[in-house]
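Chemist: If you want the building blocks of each chain, they are given just below.
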Amino acid sequence: MKMLQYIIRRLLQLIPVLLGMTFIVFLIIRAIPGDPALVILGQQATEDAVAALRESLGLDNPWYVQYFQYLGNLMTGDLGESIRTRTPVNEEIWPYLATTFELSFFAIVIAVIVGVNAGIISAWFQNSWFDYTAMVLALVGVSMPIFWLGLMMQYQFSLQWDWFPTTGRENVRDPVNAITNLYLLDTLIQGRFDQFVVVLKHLVMPGIALATIPMAIIARMTRSSMLEVMKSDYIRTARAKGEKMFWVVYKHSLKNAVIPVLTVIGLQTGLLLGGAILTETIFGLPGVGRYIYEGISSRDYPVIQSGILIVAFIFVMINLIVDILYSIIDPRIRYN
Amino acid sequence: MGEPAQKLDPVNKSPQEETISPWKEAWRKFRKNKIALVGTSIVFFFILIAIFAPLIAPQGINEQDLPNRLQPPSSDFWFGTDDFGRDIFSRVVFGARLSLTVGFLAVVGSAIVGSMLGIIAGYYGKWVDTIISRIFDIMLAFPSILLAIAVVSILGPSLRNALIAIAIINIPNFGRLIRSRVLSVKEEEYIMAAKAIGMSDSRILFSHVLPNSMTPIIVQGSLAIATAILEAAALGFLGLGAQIPEPEWGAMLAASRALLVQAPWTLFFPGLAIMLAVLGFNLMGDGLRDALDPKMKT
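Chains E and G are the protein sequences, given in the same order.
Counted the way our numbering counts, the first sequence spans residues 1 to 336.
Counted the way our numbering counts, the second sequence spans residues 1 to 298.
Don't take each hint at face value.
Stated by the list, open to error - Which stretches of chain E does chain G cover? Using the computed rule of at least three CB atoms under 8 Å from a CB of chain G, they are:
hint, region
1, 141 to 147
2, 272 to 284
What the hints assert, rightly or not - Some, not all, of what chain G presents toward chain E, calculated at C-beta under 10 Å:
hint, residue
3, D76
4, D137
5, P143
6, P245
7, A254
Said to hold, decoys possible - With beta-carbon atoms standing in for the labels, derived distance ranges:
hint, chain 1, residue 1, chain 2, residue 2, range
8, G, Q262, E, V172, 22 to 32 Å
9, G, W27, E, L185, 49 to 59 Å
10, G, G156, E, L188, 22 to 32 Å
11, E, W94, G, A258, 26 to 36 Å
12, G, K29, E, I328, 31 to 41 Å
13, G, E187, E, Q43, 55 to 65 Å
Treat the hints as calculated values from the structure; they're not laboratory data.
Quick caveat: nothing in here was measured; it's all calculated off a predicted structure.
All residues carry an ideal CB built from backbone N, CA and C; glycine is no exception.
Construct the entire structure; sequences and hints are all you get.
Modeler: Right, here's the structure in full:
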């Protein structure tokens with residue numbers, strides 16, 4: 001019951017944040033200096049076209065009326081229409097979102113598996129050469145401009161050694177038959193394991209580039225929380241009872257060291273979604289970051305607005321889920 | 001009977017203990033931290049490069065030397081040349097000026113505005129606090145680079161606007177930090193004493209609350225410069241920050257992307273400069289945090 005109350009309270013707290021987010025996104029068009037309709041359509045636009053756009057954007061109404069109209073449209077799932085493609089944003093955004101989901105999920109899996117294990121082994125063999133190497137790499141990783149790392153990986157692993165494809169999501173000569181647009185899933189559903197491997201190969205470099213910073217942070221966090229837990233009495237007891245070190249580390253210590261790590265994972269999703277914009281640009285992936293970026297290049301404001309809103313919404317939701325998971329693992333948190 | 005009483009007596013501290021100020025103590029801790037010293041050296045190295053750029057750079061930033069275009073690194077051109085025959089070493093050296101300036105100014109801007117808002121929210125509390133804190137929550141609900149992109153998409157792409165965008169997105173980080181600090185400082189006895197003798201709110205805020213909240217600002221500031229440099233480079237790379245032919249590191253990477261096969265050095269060195277500068281500020285910031293405010297680590 002307490003759990004349910006906690007979830008409801010957290011959901012209620014989200015309402016002002018979500019409203020505020022829609023307001024900021026709403027301001028994007030209204031804050032453009034000059035006549036937004038003219039800016040969007042360009043100086044060559046006819047007066048009729050400008051007037052029509054003003055009308056469709058509701059720019060002649062007072063701002064609060066415009067805001068409530070905008071909110072009303074959002075409630076009905078109307079995210080506006082792309083000026084460039086003349087297609088409603090909510091119709092065309094899913095394939096882009098799916099690309100970003102796949103990439104981000106793949107990256108977070110790499111970051112967690114490598115980061116957590118590197119942190120554990122570093123703590124287990126504290127002050128060993130592994131510990132030093134891993135922590136120096138983690139320090140460098142935290143400071144890594146991922147767009148540069150991506151380019152350097154392309155040069156070495158793709159252009160020099162030809163291990164992985166340079167750009168894209170699939171083999172263009174044998175395109176994936178999209179069902180969910182999550183290509184790894186789609187290829188599995190269709191039993192096309194050859195395509196699955198191709199899609200996976202396309203994901204490796206962008207995934208690693210995107211995973212670098214979260215991986216480094218998770219490794220550092222895991223190491224420090226493991227070191228703390230491993231000093232505690234119950235671990236000493238477990239060892240005194242003759243429990244094998246492997247189980248002491250992976251069963252007893254990790255369980256208690258996971259809480260701060262989980263927080264970091266939650267916090268990293270924002271970084272991941274932001275980083276996806278850069279990674280997608282470098283690796284030519286048609287993700288939501290690229291969708292927003294192209295929206296900016298062509299001054300497609302409905303695309304910019306909706307793209308930013310959706311990504312921010314996902315970010316808030318992931319943080320909510322992490323908070324709830326956090327309270328399930330550590331019930332003390334719910335009561336604060 | 002006398003002995004235990006003596007142990008508890010605060011007057012009986014050793015003379016050394018009494019003379020060490022918190023700043024001296026922090027400096028002692030900082031000096032012992034080798035990694036922090038490496039970071040500080042990197043930071044000073046870049047600061048010196050930025051200051052003496054015209055003396056260090058063998059050529060101007062836009063000096064074209066077409067016969068020598070796309071030369072690999074050599075003793076004549078340490079970092080090689082780009083497709084216009086411009087010396088990449090010279091451009092990277094001058095780029096230090098842009099990146100450090102943007103990082104520093106953006107952080108100073110966000111620290112000033114964020115601290116002001118944080119102080120007001122923390123000190124006055126009630127509805128003022130609620131409004132300011134909710135605005136911070138909303139801003140933090142956006143992934144930072146996305147918010148920066150949103151700001152630049154309104155203001156238009158340029159280095160100056162990227163700086164403004166980076167300053168804006170960092171405001172809530174400083175604001176929240178200072179707010180929580182003010183909440184604890186304002187309960188201190190000396191603040192109550194200042195109120196009791198009739199000191200005005202603004203005087204209390206600026207002569208007592210702010211100086212006593214400086215430590216987290218310094219720590220957060222040094223770490224934020226690292227992020228700001230990275231964000232400025234990312235915006236430059238996306239074409240939303242510094243514009244060609246400015247020798248900003250991120251913009252240089254964007255301009256040379258097509259040369260990845262032909263002349264990878266055009267991309268290697270500007271990126272390495274970004275990484276080293278960010279690493280320097282991160283290491284220094286970590287060291288400052290451990291020395292000044294170890295509690296912040298959690």
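Chemist: Next step is simple, just say for each hint if it's right about the structure.
Modeler: Consistency of the hints with the structure:
no. : hint                         : verdict
1   : 141 to 147                   : holds (count 5)
2   : 272 to 284                   : holds (count 6)
3   : D76                          : 24 Å, violated
4   : D137                         : 5 Å, holds
5   : P143                         : 4 Å, holds
6   : P245                         : 19 Å, violated
7   : A254                         : 9 Å, holds
8   : G:Q262 to E:V172: 22 to 32 Å : 24 Å, holds
9   : G:W27 to E:L185: 49 to 59 Å  : 56 Å, holds
10  : G:G156 to E:L188: 22 to 32 Å : 45 Å, violated
11  : E:W94 to G:A258: 26 to 36 Å  : 31 Å, holds
12  : G:K29 to E:I328: 31 to 41 Å  : 38 Å, holds
13  : G:E187 to E:Q43: 55 to 65 Å  : 59 Å, holds
The structure is inconsistent with the numbered hints 3, 6 and 10, although it conforms to all the rest.
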